[in-house]
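S.K.: Heads up: the protein sequence lines correspond to chains A and B, in order.
All residue numbers for the first sequence refer to our numbering, where the first residue is 104 and numbers rise by one.
All residue numbers for the second sequence refer to our numbering, where the first residue is 14 and numbers rise by one.
Read the hints as simulated data drawn from the structure, not as lab findings.
Source: prediction; values computed, not measured.
Some clues are possibly wrong.
To be verified - If you want a taste of the chain B side facing chain A, the calculated C-beta under 7 Å gives, among others: (1) 37; (2) 50; (3) 106; (4) 165; (5) 176; (6) 192; (7) 243; (8) 244; (9) 246; (10) 247; (11) 248.
Unchecked claim - Sample of chain A residues at the chain B side, in silico, Cβ under 7 Å: (12) 154; (13) 190; (14) 191; (15) 218; (16) 229; (17) 411; (18) 412; (19) 441; (20) 443.
Where a beta carbon is used, it is the ideal one built from N, C-alpha and C, also for glycine.
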Amino acid sequence: MKVKVKDLNVVFNDISILSNLNLTVGEGEAVLITGPSGSGKTTLLRTILGIVPNVISGLVKGFIEPEPHTLRRKAYYVPQEPWFSVITPYVWSEIMSFTPSQLRLEDVEDVLSAWGMSGYAFRTTYTLSAGELQRLALMVARLSHKEVVLLDEPASHLDSRNAEKVVRIVNVLRNSGIAVIIVDHDVKAWMGLVDRAYVLRNGTLDEDIMSYYKEFDRLVGELSKPRTQGDIVLEVRVTKYRPPGSRKIVLEGVEFAVRKGEIVLVKGPSGSGKTTLLRLLATSVKEPVLGTKTSVTGRLIYVPDNPLLYFTEPIAAKEVGKGGIEKLREFGIAGRESTPITRLSTGERRRVAVASAIVRGASVVVMDEPTVGLDVINKVRVLKAIVKAAEDGTAFVIASHDPLVERVANKVVNIHG
Amino acid sequence: MVSAGTVFRWISEVIFRSIFAGDDTSFKHSTLLINTPLVITQILLASEGSTGVVVTMASLLVVHLLAGTLEVLAYALIMTSLPAVWYFLTTLPFTISLTTSAIIALRVVAVGSALLTFIYFLNPLELSMLAHKLCLKRTSLYPAMTWKVTPHVMRDMKSAMLSAELKGEKLWKALAVTILAVNEYSSMYEEGTYARMQDFKPRYWYDGKAVLIFTLILAVDIIALLLLYLRMIPA
Chain A
104 MKVKVKDLNV
114 VFNDISILSN
124 LNLTVGEGEA
134 VLITGPSGSG
144 KTTLLRTILG
154 IVPNVISGLV
164 KGFIEPEPHT
174 LRRKAYYVPQ
184 EPWFSVITPY
194 VWSEIMSFTP
204 SQLRLEDVED
214 VLSAWGMSGY
224 AFRTTYTLSA
234 GELQRLALMV
244 ARLSHKEVVL
254 LDEPASHLDS
264 RNAEKVVRIV
274 NVLRNSGIAV
284 IIVDHDVKAW
294 MGLVDRAYVL
304 RNGTLDEDIM
314 SYYKEFDRLV
324 GELSKPRTQG
334 DIVLEVRVTK
344 YRPPGSRKIV
354 LEGVEFAVRK
364 GEIVLVKGPS
374 GSGKTTLLRL
384 LATSVKEPVL
394 GTKTSVTGRL
404 IYVPDNPLLY
414 FTEPIAAKEV
424 GKGGIEKLRE
434 FGIAGRESTP
444 ITRLSTGERR
454 RVAVASAIVR
464 GASVVVMDEP
474 TVGLDVINKV
484 RVLKAIVKAA
494 EDGTAFVIAS
504 HDPLVERVAN
514 KVVNIHG
Chain B
14 MVSAGTVFRW
24 ISEVIFRSIF
34 AGDDTSFKHS
44 TLLINTPLVI
54 TQILLASEGS
64 TGVVVTMASL
74 LVVHLLAGTL
84 EVLAYALIMT
94 SLPAVWYFLT
104 TLPFTISLTT
114 SAIIALRVVA
124 VGSALLTFIY
134 FLNPLELSML
144 AHKLCLKRTS
154 LYPAMTWKVT
164 PHVMRDMKSA
174 MLSAELKGEK
184 LWKALAVTIL
194 AVNEYSSMYE
204 EGTYARMQDF
214 KPRYWYDGKA
224 VLIFTLILAV
234 DIIALLLLYL
244 RMIPA
């Protein structure tokens, strides 16, 4: 199926997001759309499907062929957080409830095996990693004979190995005649696959990707590691850890120390136990955990991957208190101090969380995936805030698969799972 | 000293493990037509005194032993022991008998464990399929989604509580932010499933072995209940 967008205009609260945008994606074609956060990439996908204005209110003018109402039945949409596209609790039910009824359980097991998910049929979907969820979603799209696939930042939650797997699968979809529209910050991951790539700027699509990326190289070049490190503030030793209720040992023989002002990166493929290690570390500070020994000097603060879960106050100014307003300005949150936390972007929430942790006197801040889902500009902003805090004496333990985080890390702890 | 946060996280962990933990198994493919009368029979048995409690607990043990889910039964027992202790302590001044209060507490454990076992082996896809067959297409989504979304929200609630505790903040603030997160999630789920909802056709199958085992246990429990009603065995 061919998708054609002509003179598309989208306005939210009197602010123009898309302006006279034109796009054509033919059968068996893959198109990549990149651009800064807030440029309207996700809005474009939502409007093509009719989510805007049917679910999210907004003013839409222009021409989309086929009409969103028709396209909705022919298309498969995987949002940035893939767990929000999965409806049922088990892998088999997710596949069998959305595909033709002649598909049997044995067929499901065969397909899973062919897509590198052998033995997953009876797994609960909430335990799947982002990469596994992406593959499951694409599998359902393929088996349900969809003609258009829309992917919103499919590589953002994935390490390079898992991103490659998803790219290969998308290639299979494209070769089978499906039109694919990909929105992503990671251009390198997709350049070998897509037929065309665009930058979404000022509401329209621009083919000049190179000049856009030159700016990023300059920004990334500004990142550096914190220079001064002091005494050890955190020591971690996990001899063996098996989550309660699980038969599998998730972590074994993990040992490291963190110095004052140091950034330690916990690195490993998706599903290797990075998040588990951070949670374990944070929990073991409060209560004894079998097989884990942690000693911390001062206060340890934990910022989960969803930064919203960190907050205990409704606005940034209250979260950091009077003494922290200057810190917010330092971290680029000037003018947003009184904005409700729920209206801040993910990048802003993460910077407020770092400022809040510092103001609360944290000697160690444990952060899970602080750059996930952000464009390079916002990634650099968050990382600069972290480096600044480290140079002022706060230590960081960061779980991430992002190569940019490695640029600012003094030490890397590899987790293999 | 154990903090309120630690206790709350522990309770939510036990609830999570006694209901949502574990993958799908053949034992979760029995039928509501057997499992519903089974749980009702077990509750009636437990209310008939100590013999009924023993029969109920024995039948629960057999189910979990055969299903290989003894750990789930252990969590159910831990969870039900909390209200059981409460009942024991609060009835003691009125019964003035350790034995009588202990039997009351054991009834609570038996009834609670029977209900949790029923929920654990309840397959949301069976509910979804039945709703779909009754032409309740939109409603059919809810059982499946509840079992998908609840563990997600519970995991986030634990993260929020841990984070708030480490910040030295009050627990209710973590619960408030979890509500905000759930609010965000509801619109994200609406968006993520927008293009798929009309395709939803829940499928389910019954496992003959599981149906047979639950039927046999139901038969034994009904016989025990009749014998208790007819006073053929002591209560």
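S.K.: Could you check the structure against the hints above and give me the numbers of any it violates, in ascending order?
M.R.: Per hint list: 2, 3, 6, 7, 8, 9, 10, 11, 15, 19, 20 violated.
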